[in-house]
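A.B. asks: First to last, the sequence lines map onto chains A, B and C.
The first sequence begins at 1 in my numbering and counts up one residue at a time.
The second sequence begins at 1 in my numbering and counts up one residue at a time.
The third sequence begins at 1 in my numbering and counts up one residue at a time.
Mimicking EDC-like on lysine to aspartate or glutamate, the simulated pairs with C-alpha atoms at most 16 Å apart in a straight line are: (1) A:Lys123 / B:Glu131; (2) B:Lys82 / B:Asp172; (3) A:Lys124 / B:Glu131; (4) A:Lys123 / A:Asp373; (5) A:Lys261 / A:Glu230.
None of these hints come from the bench; they were simulated from the model.
Every value quoted in this text rests on a predicted model; they were computed, and no experiment measured them.
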Amino acid sequence: MRIVSIAAAALLAGVMTGLSGGAFAQERTVKITGFGAKSGVVRVFGVNSEAAMKAAAEEINKAGGVTLGDGTKAKLSVEFLDDRCNAEEGISVIRRIASTDAFVAIGPTCSNVAESLFGILQKKVGDASDSGLQFPVFADVAAKGGLAAISEWAFRNVPSELEMYKSLFAWLKREHPDLKTIYGGVEKDFAHSNATYGVMKKQAEENGFQLLGTGEWLLNDTNFSTQVREMRRANPEIVAISAHPFTTCGVLREMDRQGVKPKLLIGLTSSSSIETLQGCAKQAEGIIIPTSFAPVTPEAKAAAENVSKQGGSMDLHSAAAYEIMFILKDVIESQKIMAKPDTVQADRTKMRQGLAALKETKGLLGKVGRTNDREAIKPYLYVYAKDGSWQVLHKPSS
Amino acid sequence: MDFYLGLAQVIGVHTLLGLSAYCVLLTGQVSLAQAAFFAVGAYVAAILTVIFKWHLFAALGVSAVVSGLTACAVGFPALRVKGLMLVVATLAFGEAVRLFFFNFTYQIQAGELKIGPHGAEGFRQIRYFPEHGWSTFDVLVFIWLMVAMVMACLWWLDQSRAGAVMRAVGEDEVAAHSSGINVTAVKVSAMTIGGVIAGIGGGIFAHYTTHIEHVQFGVILATFAIAYPILGGLSNVFGTLLAVIFIQGFLIEGLRFLGDWRNLLFGALIVLAMNLRPRGFLDSGGVASLKRMLFARKESSGA
Amino acid sequence: MDLLDLIDAVQSVADGVLFGSTYALLGIGFTLIFGVMHKINLSYAAASIGAAYGSLLLLSGFTAAPAIVVFMAAALCGGVIGALVYFIGFKFIPVANPLATLMSTVGLLLLIDEIIVHTTEGVPLAYPALYSDVVVRFGQFMLRGDLMFVFVLGCACMVLFLLLLYRTRLGIATRAVSQQPIASQLCGISILQVNVLTFVVTGMLGGIAGAMSGAAIGMLSPLLAQPLTVKGLIVTVIGGLGSIPGAIIAGLIVGGLESLFQFLRGVTERDLYIMMLLFAFLVFRPGGIFAKASGRD
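Isolated chain A (complex conformation):
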């Protein structure tokens, strides 16, 4: 009986402390909520984003925290919700976040969730006839083209694949004027890879490469012999694969088996991660991928280490989440956000205004421009797989 009452007292004390939310603490805490996929095959993205957000929060807190509108300093804390890459759940999650005191959310991971999520936001600010949700959402990973244009409350910090592949193919044409033919490969049933392949194809042709054909497969295909055989018959000099690590590795292995050895291999931005190297480092040797993150500056290296300490790994997607935290700090301070329960709607409007007004933000690889469409123009470089790790191939000067 004694044990039960002691346990009950401890539990009660815990609950009371939790409920009072640190009223006895000197400083305030502002919670930033992130959300994304922490289930299924895309779990690693959610884990990395969460780790990146926490690492950034720690850095910000070490430097003193954020200064709120009334002059007090507050520490940032991070919460991450799992939307399981499901549109309905994503909408549920954002409504959940919007029903708290939060004034911004970072996410989602999956482009299909972003489509639905941005779709329920108010399209134009101030449109009284539009009953959409009025809550700013800042996407770190969802990479399908043109998503932020859906709503004026939607912002993204993802690299422009159009820009990256445009510049990549132009550079390749200059570096290798002897290479003329290209063969493509695409994961047809995944929105991101499918859309990016359209970009790759267009940019390759605009830069004077001749597209000999395209191999198509599905996200969970296992047998690529037919597609690779067609590739072999075409005998291309360059092969561009727009697919995620699992099928990219499958295709590369099949190419190895059938003796298809193009002079250049190009991959999808998302595949410039550990997954590809873990799956098929040998076959992926030499694959060139444009990316918006590589640990090339001291800042980037330090950030990557901090993220590892939080249990994730830094790649172009989680780097975006890391950068967003600092952007939010700047906007909180410049817009004098109060972060009090009675200023919630005002804070959200200020946050949106602040984000929309940004012309430039600070990124880990340099300055990041912001467009009128609320997208980001991120600096990028080309990496290639060498000896089981990603090395920098070329850093475009512009």
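Add chains B and C to chain A, keeping to what the hints say.
C.D. replies: Chains B and C only, in chain A's frame:
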């Protein structure tokens, strides 16, 4: 508050999905094609409101009819197979429909944008609700009106002779056939009604998620569709509702505080539920004991 | 169609058929459980992949275990998982409730999937393959060494399994229980023992199938569970529920057809044709290739 309203919306639409499978399950058929009828309803309703600018109610009506006709068309060949074969046949049909939408592109120019379904990229910007100023509460009321209507129809059906006939076919086809019931007609009717309900649900689904794509209507959704009536029990429609609340409300949203453990518990709790109550939450035994609890108290207070 | 196309078509089909031995093994597992228990185990493919992951986990301590040892570890894990699946998903649910078992196996499928995702963060893992560098050439034709090994291993398993079923006491007991459960009990056969052993043996088969899939692809990913489940069900049904030879032949056919449709029509329509074919097949020949002579459903 908005969050609870949104959750209630999801529960409503999933109840429609579950009821469409429930209808078919009453006649003893396990159909994994309900997600396909849901998809047909979603695409048809979305095309009508976005491209042809129809009113939502008219669009839903048409989507219900189209889904019902599709279900009717599936029903006839499906009758030749029973049991597990039907499960696989309906699964195959469901996947075929999903793959159709994977390939389906029908876009028109609207100003500087193209609108309409675009193959693998899906159908985006189905913004009927926000554009017409429907608040979360308005949408919720509309969804639950439809759910209530469907549940009332199914309840009435159950109390009538038609319901008894359906359950008879479900219990023992041979016996039902021997008593002169036209088993074919009953099964196809059940499939058709299921298709109509799924069509309504799908149409609403397209509008509250504003973006639909083929991936959403796959095997997982089809499995959820039959999970609701199986978990809920087949004795009446409220079982399905209870199962939807259990899965969407409790397992998905309620267990969120468990963080990563939530997903592990999802599968584990379903297994547990099936072990503890194999006939579903509200099976005939459960309903009987509920009645006893409620009415026994009334009697004792009267006496 | 010129000669080159013809060669490619034949090559595609050959590759597909070799890969189909994986489907055949899965089909055997599904069909056997259905035959004995008259219930379907939807978690079977996920359990097979899980067993392959388990083998990686078991041998993670040893740096370079030969592939054969990994396969045996997968079989071992498969057997253990099979027994667990029986006790959690089948034992306590009354025989008269096939729907409840369907749902409980769905729950198990979700559970196994999530366990895999949580331990590996969803990232694909490399899987050892035997003879992955070997390619046998006949002029223009090329047969993958590792797929041929997988095919031979699959055939060996099938032969062993058929021997088990038709020449041992356990096999007789299993067939007896599947045909006449009450009579078998009267003859003193323990249904519990037969059921557990059925699940263990099919679990081991599944583990080998999972390992073979991993070896043929070179990687394991949780993405594999869903398509293997769907294909396994298709193979089971085409082969005829409860028929082992049917499952074997159907597995090879489905593997070959898949490749053929891919070659002829490309990926976006490939699965559409398979599904429509399956639907038509079920409508016109609901019993499968080798329809069982007796028994209902």
